[in-house]
Structure formats: C-alpha cells, structure tokens
Amino acid sequence: MWQGEAKARPGFSMIVNRLLLLISLALVLTGARHSLSSGAAGANAIAKAGLAEQRRQEQSSTETAPSDFKVIPGTRALFDRLQPLMTGMTGDQIVATLALHFLGTPYTAFSLDAGPQERVQLDLTRFDCMLFVEQVLALAASGGWNGFAEVTRQLRYADGEVGYCSRHHYFHHWGRAAERAGLVNDITKDLPGQQSRNLKLNYMSTHPELYSPLRNQSTLACITALEQDYDVVQNYIPNSSLNKVSPLLRSGDLFAVATSAQGLDVTHMGVIVTDSSGVSAVHAVPGQGVIRSKPFHRYVQSVPESIGAVILRPRAVVQKGVGQEQPGT
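The numbering used here applies: residue 1 is where the sequence shown begins, and numbers increase by one.
Any given hint could be a false lead.
Below, computed lysine-lysine pairings styled on BS3-like, alpha-carbon distance capped at 27 Å [unchecked claim]:
1. Lys189 <-> Lys294
2. Lys294 <-> Lys244
3. Lys189 <-> Lys244
4. Lys189 <-> Lys200
Please keep in mind that the hints were generated in silico from the structure rather than gathered at the bench.
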C-alpha cells in the first residue's frame, strides 16, 4: 500500500557543511601566511562564521525529523513550551490540560493532503477535529520529541507504514491503533445504555470526488480494495442516554460523534473536560478553531446526523514514547 517514498540520507547535509567549514578554515590559514597582520581580523571573522554555521547545522539536525517526517514551523517551539505543563500528571490529566491550552488554535482542513508525498506531519499550530485529538494524545504519550513523532506515526498509520492508503481515515481504525499502543481503553461498552451496530465503512470509495488524492487511480483502487473488508461493529451511547452517562465521564476522555451517514462511523472528535460548571466538549470546529462547547450531551445531540457518542479513556499511566529510538531529532 505504501508506494515507496524516497528517503534522503539524514547525515549528508551535515557532512557537506563540515567539509565546507574545513575548506574555509584552510583558506583562512593560507591567507594568514601572506598577511598575518591585515588578515587576522578577517580570518577570525570567517572562522567564527564557519563555527557558527556548524553549530547551527548540528542544532538543526537535532530538531528536524527524518525524510518521512514533516515538521510544521513553530511546532517544535510549542512542544518545548508545553513540557512543564505535563510534569507529574497522569495521561487523562495531561490530555485535558493540553486540550484547554489549545483553545483558540485555528482550524485547517485536509492539511495532511497538502503535499505530493505522504509524510508524517507534526503540527501543533493548526488542527482539524481528528488531528486535534491525535496530536494531544501523542503529546500526552510522548517521553520527548522522538516519542511524540513516533506515537503520531503509530496512531496515524496502519502498522506505522507511512502512506495515504495506509493512513487511518476512519475513527474505528484510529481508535483500535490507540488501544493496541496501550494509550486508551474504549469504555463505551461499559457505560449504561450503550448500543451496538454493524457498519460498512466505504464512504471514501463511494465519494472519491471529496478527496483530492483519490484523483490518482492507483490510490483510489487501493482505498476501494481496503474498504471491501471494512465491516466493523461499533458500540455507542445513544443521544437519549448521554445526559445520564455524562456524570460518569472524566476530564481527558476522548469522544467521537457516531453518525447515521451511510459509509461512515463518526463525523467529529474531541476531548471531554469536566469542572464545577459541568461536562463540556473541547474540539476543533471549521471557522472557529478549537473551542469549548457545553453541556457535552447537548453539543453531541446538535451535530447533524448524530446518533450518539463513542468514548475512549486515556490510561492512567500513559505509555511513554513508542519507538523511542526514532532517529533524526
């Protein structure tokens, strides 16, 4: 399914820059033999510039991702600023804290489809509803920058294989990936009033005009073939039971709005936050960015074609950094 994206050699640019630095220093020393007095200041300036460039390159090599990752500008700085917020917290507490921190962050749709090559995009500067939940959970689960990158990969792609066709386009598969990674438990079936239904997930192959990558016939064929086997069972809390279930929900729980739309399982995702004012939904909304809607049950009921909600609960002790050895950061 992954079409074999080219990977650049991660250390090549650093090698080239070090060679250039050595050449520059050699030229400086050669010039110094001819004019020790007049050339000293220039030699020092060139040497300092070369060393500064070397330090910049070395620093860059620790803050950028390998060729199958794409880091949106501003994301690393945000990541570093958020680290103190997560100290000493459990997974659910971290998720709720991070969700509230991102209030006001702008909404952007289809940002993962912007480039010609599928890469693991890391972006804390803008979200759609799914990426908001995904990046918050990956942040909560990370033991550092490497962990954040690798957890994102494992959440977003089947078996971590980077490609449009292997991306988790449906909440059902994304949620199962989060469970397998030890990050969440699907508690829907344990809540009062829950119901189950059988679904055929084939919205993408039956609506290819809505997805620009599906203009490529091989990509469309791949998605269509996968969806032949997308027969799933969904547990959900019907809208009529949400008010009774709300007191059982916790800050940091993840929710998805189950839908009656043919071929889909859910149409929206977000994070639940509880406080003295009640139970609310923190989520990314087109035209509004990340907002807080309350009460939670009324919000879910207001979503077009909503039939209820699926609830995932972050584990009390979040797994720290799946694949910590991921290079390049």
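Would the pair Lys294 and Lys244 pass a check requiring their Cα atoms to be no farther apart than 27 Å? This hinted pair holds, its Cα atoms lying about 15 Å apart.
Given the hint that Lys189 pairs with Lys294, test it: the Cα-Cα distance must not exceed 27 Å. holds, 24 Å
Is the Cα-Cα distance between Lys189 and Lys244 27 Å or less? Holds, at roughly 15 Å.
Given pair status - Lys200, Lys189, alpha carbons within 27 Å: holds, 20 Å
Comparing the model with each earlier hint shows no violations; every hint is respected.
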